[in-house]
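Given next are the chains, with one letter for each unit.
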Amino acid sequence: NAGVTQTPKFQVLKTGQSMTLQCAQDMNHNSMYWYRQDPGMGLRLIYYSASEGTTDKGEVPNGYNVSRLNKREFSLRLESAAPSQTSVYFCASSLSEGNQPQHFGDGTRLSIL
Amino acid sequence: GENVEQHPSTLSVQEGDSAVIKCTYSDSASNYFPWYKQELGKGPQLIIDIRSNVGEKKDQRIAVTLNKTAKHFSLHITETQPEDSAVYFCAEGGSGYSTLTFGKGTMLLVSP
Chain A
974 NAGVTQTPKF QVLKTGQSMT LQCAQDMNHN SMYWYRQDPG MGLRLIYYSA
1024 SEGTTDKGEV PNGYNVSRLN KREFSLRLES AAPSQTSVYF CASSLSEGNQ
1074 PQHFGDGTRL SIL
Chain B
33 GENVEQHPST LSVQEGDSAV IKCTYSDSAS NYFPWYKQEL GKGPQLIIDI
83 RSNVGEKKDQ RIAVTLNKTA KHFSLHITET QPEDSAVYFC AEGGSGYSTL
133 TFGKGTMLLV SP
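From first to last, the protein sequence lines are chains A and B.
All residue numbers for the first sequence refer to my numbering, where the first residue is 974 and numbers rise by one.
All residue numbers for the second sequence refer to my numbering, where the first residue is 33 and numbers rise by one.
For the record, the hints were derived by calculation from the structure and aren't laboratory data.
Accuracy of the hints is not assured; some may be wrong.
EDC-like cross-link-like pairs, simulated, lysine to aspartate or glutamate; straight-line CA separation at most 16 Å [unchecked claim]:
(1) LYS1030(A) - GLU1070(A)
(2) LYS103(B) - ASP59(B)
(3) LYS69(B) - ASP1079(A)
(4) LYS54(B) - GLU88(B)
(5) LYS136(B) - GLU1032(A)
(6) LYS100(B) - ASP59(B)
(7) LYS136(B) - ASP1011(A)
(8) LYS1044(A) - ASP999(A)
(9) LYS69(B) - ASP81(B)
(10) LYS74(B) - ASP1011(A)
(11) LYS54(B) - GLU37(B)
(12) LYS74(B) - ASP1079(A)
(13) LYS69(B) - ASP91(B)
(14) LYS103(B) - ASP91(B)
(15) LYS90(B) - GLU111(B)
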């Protein structure tokens, strides 16, 4: 099993460009999450999807949108990238809503110039 | 969950020593406490977790303890090895459906 797969692994954008980060899981999990990781800040939740068809804001949603395309896929979109969005982005999934172990992908490293 | 403080931010030990990382939380409704290990260039991986109805849990060289009264939980790694070098994150989740709140991480360096 691949687990959680994120694409692309690396990306460089110019300020104002748009970009969609892709995430897919093959564990038949119901819940999916997007985090950003910045030095000294830990993992901060951007958006999550408790189940197919639902999405909710996390701690730092401004400047982002998400789409839960189906049970497997959860994408994160930057409509107009800003240098402050330079970060490592992680997607995660868990079996169900509630306090369950989350399984992470290996991240997308995004630089915005 | 609301807020979780993690200490220390960096920890250096000699191979074979023990390492302890501590986290404190503020939400009395928190009832799930996982620990993640993140190696360079990889995503975090769950290494152990504990729920509020248990005070301690062990898995080989790793153990987690929970003190609900004091609102803190700790990760204990015994007989450390160089491959234990990584960043460790604690997290906490509240009652009902909630998302996890992560600590800021501890960089553990185990020297041979």
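Results of checking the hints against the structure:
1. LYS1030(A) - GLU1070(A): holds (15 Å)
2. LYS103(B) - ASP59(B): holds (8 Å)
3. LYS69(B) - ASP1079(A): Measuring from Cα to Cα gives roughly 12 Å; hence the hint holds.
4. LYS54(B) - GLU88(B): holds (14 Å)
5. LYS136(B) - GLU1032(A): It holds: about 14 Å lies between the C-alpha atoms, which stays within 16 Å.
6. LYS100(B) - ASP59(B): Distance of about 10 Å is within 16 Å: holds.
7. LYS136(B) - ASP1011(A): holds (10 Å)
8. LYS1044(A) - ASP999(A): Distance of about 9 Å is within 16 Å: holds.
9. LYS69(B) - ASP81(B): holds (12 Å)
10. LYS74(B) - ASP1011(A): OK: LYS74(B) and ASP1011(A) at ~14 Å, within 16 Å.
11. LYS54(B) - GLU37(B): Distance of about 8 Å is within 16 Å: holds.
12. LYS74(B) - ASP1079(A): holds (5 Å)
13. LYS69(B) - ASP91(B): holds (14 Å)
14. LYS103(B) - ASP91(B): Violated. LYS103(B) to ASP91(B) sits at ~22 Å, over the 16 Å cutoff.
15. LYS90(B) - GLU111(B): holds (14 Å)
The structure does not agree with numbered hint 14 stated previously, though it agrees with all others.
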